[in-house]
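**Student:** Just so you know, the sequences run in chain order A and B. Mapping of the first sequence onto our numbering: residues 1 to 117, in sequence order. Mapping of the second sequence onto our numbering: residues 1 to 343, in sequence order.
It is worth saying that the hints were derived from the structure and are not from the lab. From the three backbone atoms N, C-alpha and C, an ideal C-beta is built for every residue, glycine too. Mixed in with the good hints, there may be bad ones.
Below, simulated PhoX-like cross-link-like pairs (lysine-lysine); rule was C-alpha separation at most 25 Å, straight line [stated by the list, open to error]:
{"#": "1", "chain 1": "B", "residue 1": "K187", "chain 2": "B", "residue 2": "K173"}
{"#": "2", "chain 1": "A", "residue 1": "K76", "chain 2": "B", "residue 2": "K251"}
{"#": "3", "chain 1": "A", "residue 1": "K90", "chain 2": "B", "residue 2": "K214"}
A few chain A residues that face chain B, going by a derived Cβ cut-off under 7 Å, partial list only [unchecked claim]:
{"#": "4", "residue": "R18"}
{"#": "5", "residue": "I20"}
{"#": "6", "residue": "D21"}
{"#": "7", "residue": "Y22"}
{"#": "8", "residue": "D23"}
{"#": "9", "residue": "L26"}
{"#": "10", "residue": "N41"}
{"#": "11", "residue": "S45"}
{"#": "12", "residue": "T48"}
{"#": "13", "residue": "L68"}
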Amino acid sequence: MSGAVEKVRFGFSVNKDRQIDYDANLKNVSDIVQKAEPTFNLCISCGTCASTCTAGKFTDFSLRKVILMVRRGETKGLENEITKCMLCGKCQLVCPRGVSTRNLILQIHKALKTGAL
Amino acid sequence: MNRKIAVIGGGAAGLEASSALTSLGFRVVLVEKEDETGGHIKNWHALFPNRRPGVEVLDALRSKLGSDVELFSGKTVTEIKPVNDRFELSSADGWKTEADAVLLTTGFSLFNARKKEEYGYGIYDNVITSAELESAFSTGKIAMKSGEQPKRIGFVHCVGSRDEKVGNIYCSKVCCVTAVKQAIEIKQYLPDCEVFCFYMDMRMFGRHYEELYKEAQEKYYIQFIRGRLSESTEDHTGKIILKVEDTLLGKPLKIGVDMLVLMVGMEPAEITKNLGTQLGLVSDSDRFLVSTDQHISANISEIPGLFFAGTCTGPKNIADTLADARSAALAIAGYFDNNHNKS
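Chain A with its partners taken away, still in its complex shape:
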């Protein structure tokens, strides 16, 4: 037989790495937010915000996670994620570290629009 061998597809592929590559990730959103709302740095990931969150009751929205993702530079898809927040401010009432959560959400939103590539 001659001619090109037809490529056989077995249905296998390489999964995308789940790992957070901190050195490769851009931290520009984090830098902007940190300056715009310094209480961003005070989060201790206790999850009180997420537990009281109405949006979190119906979706997988969690401000605790959003803060961490911004910190690690994992900003892909975040712009859509934070639109789930209705800015009701319950999280701000319960935060034990005094994080200004509502402004934080607004600043993240702004930074994602202007700061991200």
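Chain B: place on chain A using the hints.
**Tutor:** Okay, now just chain B, sitting in the frame of chain A:
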């Protein structure tokens, strides 16, 4: 004649107990294995939570020693023998003394970071221990082996603590707050250096510790990542690559640092273990010495006239060690008041 108490170990506990015992009317023989008293504090540049110089506390403790304290340094006690309600003590070099009661203030050793081989201590150039960083603070020179200033430093909590693989399941208590203190100091020396702390739990148990943690976040932008280091590797540029799970995001995380600081925990000192074995004292699975009652008589051993203070009975910070030492002095006074060993 006043009763004589032998205090074994001239660290924080031994110094404080010696002065407390003399103020209660006892004569004290303080035996220190090194040439100088002070124990670990003499190697510690600054203390948590307020970053005061270690030497300040040491000077205060030493200055309280009156003429009723007879100090023998450079003597390692190897044998303590109960003889007719008294004790005979002897050292490795043949020195001997007698006492009416003995207080063990033999303290702790730092965990040998080489045992945690996967972290690269003794293998990679820029992996150091918290104790070595403390010495670097004393000289004021924070640099990598190459002489360059590090741009990013990682602190690993719980090295040799809470780890069955090295035989230590207990928490050493002081390393979390020490990491926070040292992280802040790094930022004071090198404001442009990024600092990361990798922790399992932040155990900010003492007064003003939580405030220090908050200060680290608020004022110094120190980042805390909840995840325990599995291993470190050195890349071709000499950078140390860390792999942890960011457990709060549920994802593995890879990060390169220029310098890695291992927060080494506490283990019972060799002399604590040796004297414990020689005296037939019970030690726990953690190898620290065991009191007759953890709450009610923490300073009292199973042997009448033999007492404990400080970190020979488990990890403690300085304030708790000093309180424990004063408590031991009172326990010794109580022992003689109860007409034990009338003479």
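**Student:** State for each hint whether it applies.
**Tutor:** These are the hints, each one checked on the structure:
{"no.": "1", "hint": "K187(B) to K173(B)", "result": "holds (23 Å)"}
{"no.": "2", "hint": "K76(A) to K251(B)", "result": "holds (15 Å)"}
{"no.": "3", "hint": "K90(A) to K214(B)", "result": "holds (23 Å)"}
{"no.": "4", "hint": "R18", "result": "holds (6 Å)"}
{"no.": "5", "hint": "I20", "result": "holds (4 Å)"}
{"no.": "6", "hint": "D21", "result": "holds (6 Å)"}
{"no.": "7", "hint": "Y22", "result": "holds (4 Å)"}
{"no.": "8", "hint": "D23", "result": "holds (5 Å)"}
{"no.": "9", "hint": "L26", "result": "violated (14 Å)"}
{"no.": "10", "hint": "N41", "result": "holds (5 Å)"}
{"no.": "11", "hint": "S45", "result": "holds (5 Å)"}
{"no.": "12", "hint": "T48", "result": "violated (14 Å)"}
{"no.": "13", "hint": "L68", "result": "holds (5 Å)"}
Of the numbered hints listed earlier, those contradicted by the structure are 9 and 12.
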